Amino acid sequence: MSKQEQQEVQQEGCRTSRPSPDARLVTGAEAVAEAMRQIDPDVMAVYPITPQTPIIEAFSQYVADGRVHTELLLMESEHSALSAVVGSALAGARTVTATASQGLAYMIEVLYIAAALRAPFVMAVGMRALSGPINIHADHSDVMLARDSGAVILIAETAEEAYDLTVIATRLAEDPAVMLPVLVGQDGFITTHAAEPVRLLDDALVRGFVGEYHVPYPLLDPGRPTTQGAFSMPDSYFPQKAQEEAATRQAGGRFLTLAGDYARVSGRELSAVETYRTEDAEVVLVAMGSVVGTMKDAVDRLRARGLRVGVLKLRMFRPFPEDALRKEISPGQLLLVFDRALSPGSWPPLFLEVAARIRGNSCRSLVFGLGGRDLSVEAVMTVVEGREDLPANAASHLGIAGGAL
Amino acid sequence: MSTHITEPVFPRSIRAMAEHEEAEPRFLGGHALCAGCGIPMVVRTVLNSIDGPVVVVNATGCLEVATTRYPETAWNVPWLHVAFENAAAVMSGIEAADRALRRRGGAYTVESPTFVVFGGDGGTYDIGLQSLSGALDRGHRFLYVCYDNQAYMNTGIQRSGATPMGSRTATTPVGQAHSGSPRGRKDLTAIVAAHQIPYAAQASAVDFADLSRKVRRAVQMGGSAFLNVLTPCPLGWGFTAREGIAVVREAVETGLWPLYEVIEGRYRLTYEPDPRQSVDRFLATQTRFRHLGPDEKAAIQDTVDRDWHRLMDRVEADRRFFDRDDILTDQSFRGRQVGGSPL
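For the record, the sequence lines run as chains W and Z. Heads up, the working numbering is the position in the first sequence plus 10, with the first residue counted as 1. Heads up, the working numbering is the position in the second sequence plus 1026, with the first residue counted as 1.
Hints listed in this document are in silico derivations from the structure and should not be mistaken for laboratory results. Honestly, I wouldn't trust all of these hints.
Unchecked claim - Pair by pair, the computed Cβ-Cβ distance ranges are: (1) Z:Asp-1077 x W:His-224: 26 to 34 angstroms; (2) Z:Gly-1182 x W:Tyr-247: 18 to 26 angstroms; (3) Z:Ala-1324 x W:Gln-253: 30 to 38 angstroms; (4) Z:Gln-1202 x W:Ala-256: 52 to 60 angstroms; (5) Z:Arg-1128 x W:Arg-367: 42 to 50 angstroms.
What you are looking at is a predicted structure, and each value in this text was computed from that prediction instead of being measured. Note that the Cβ used here is the ideal one computed from N, Cα and C, for glycine as well.
Sequences are here, hints too, so could you generate the full structure?
Written as structure tokens, this is what we have:
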């Protein structure tokens, strides 16, 4: 498709605002693989790891069937996979990858460098606990390793959100004001492997939305040779890091704009912070990922019992959407912040983020579901009903003997 | 057998390389590599032996640090450094990007560039071995040049998997209980050749015509290619700056660093020291071996002899392959080549 055709499709999408009418029953992994097929990246460099593997298996089938133009690189490690992604993205090719857990841990060295090199690409993450002990199930410890890498971190609640965010992330990563890696996390197994109805968009809509890939100084252009990844002394290192940090911050505003563009194409609104029944709430549950669905059910049942409670979901963890968060929180509301990760010796990561932004609210910290442990609707209700007993001086570890609940 | 193997390849003369550099400078002076360092000569010989566009990936190391101190650079070709252990993986992505863009009709050049990785022995023998192995296994079309100066020089002369037996380094110091590296180097060239790539070779920073021809042969063969180039380090080895070439010459003449190539799995000697000199001649040129006594020197001679004879057995076994009339008409490679530097 030519650039002009793509623009026409893009405009057409904007005018009609018509998503494909039929939702398909697919897993989160399949939904992301489908988004990647529609994006049709130039290069994908991957290494297998549970629970991300269904993404690259599905994509490999697209390659085998000739449905994409992508060069699929089957790397010998995640470290090398991300290294190839960086090389390819800076060479001038749209590039994607997918990983989880130990794989993301192994990539972390390169992820920091990728952000500093301003290499734009999308990384799907099937969020999973970190070893040890070894465990393959849902947990947010892995993406928390990427917290300070400079990469943008988006987290999906559902399979459809994982799909939507993957498409938006492509534009966000490549935005001239951003030019950074964008991680799109979904909960391992809970979202990656469970089938849900997903309203997939038409191929042409997605292709039109993502447009053409562009980096300012592609390494494959010998006419404009550049030295990238130079050795930086104290006089230049800090200013370079400051520029990089500014780019990560700018990703927040650019996400709003691009999500608006996407809403016109898809009919679906994806804000950085989303609330459910919080307007008059006395208690607000704050969380990321699939547990938010569980919380919405709990909220409905608690409200039936007369409790004024709501949910605040974060779709974006980096940059942290502090303005949107503050806007949605009213003074006097009790915030119960649910973390699926630990920061041993300190407060858990999401709680720290929220507590640092809030004035005039009480916050309580709860850690749940590490290593894939389920959090039931009833358990959420018990927490809310027992909120007066939650300690203010420590995080409560849900379901652990010696924990508050 | 690939048809490439029947096409002759000739080294680029020193004069031609100088003219090439004049017309199209790729690696410029003004960098901060040490006086007497062999790396810039190797880099210039490699880049000036290649026709057409070049893209370079550099592993962390002396070359990277000393040539790209922001905001200055010695490189006039597209150049990328990401980390220490992943240069071959980074290049895998670049080479794949070129293939992908070419297929879609969005390539930046009519002909694909030549993709060249430079890494030191630490970044190649040790921490980068996995990513190198993966890239060779996938068969990317690129030339990996290891500038082997036999230790981690950039961090201050620590032992690597390339450090020769007996050598004093900062992590194998000379003491009452132990003196110098207890082990010799691993045979990285053979490890690379075991990947069944089209071309692997050992070259040196003494015979630049040999290096030039091997670069051109490597590029001409297509696919993955590897050059292990013995490169002198005045600081780490302990010699004065002007002696580097002579020191490497002794490494070649003693057989400690044999010059050979492995073409589609077949081993061939490209220079035969005649007679092969005692390894003492090499050891005597550098302060890193000064502490060695007669027994230790004899043990080193034994390992050099053992490795030499094992290599010769391979070369002998493959001799019939190269004696065919229709292949490798490169130059005077039947019989003894005149050694030494054409400089």
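Right, here's what the structure says about each hint:
A C-beta distance of roughly 29 angstroms is found between Asp-1077 (chain Z) and His-224 (chain W), which places it inside the suggested range of 26 to 34 angstroms. Taken as a hint, the range 18 to 26 angstroms holds for the pair Gly-1182 (chain Z) and Tyr-247 (chain W), whose Cβ atoms sit roughly 21 angstroms apart. Separation of Ala-1324 (chain Z) from Gln-253 (chain W) is about 59 angstroms and departs from the stated range, judged on CB atoms against 30 to 38 angstroms. The given range of 52 to 60 angstroms is respected by Gln-1202 (chain Z) and Ala-256 (chain W), whose C-beta atoms sit roughly 56 angstroms from each other.
Checked against the given bound of 42 to 50 angstroms, the beta carbons of Arg-1128 (chain Z) and Arg-367 (chain W), roughly 49 angstroms apart, stay inside it.
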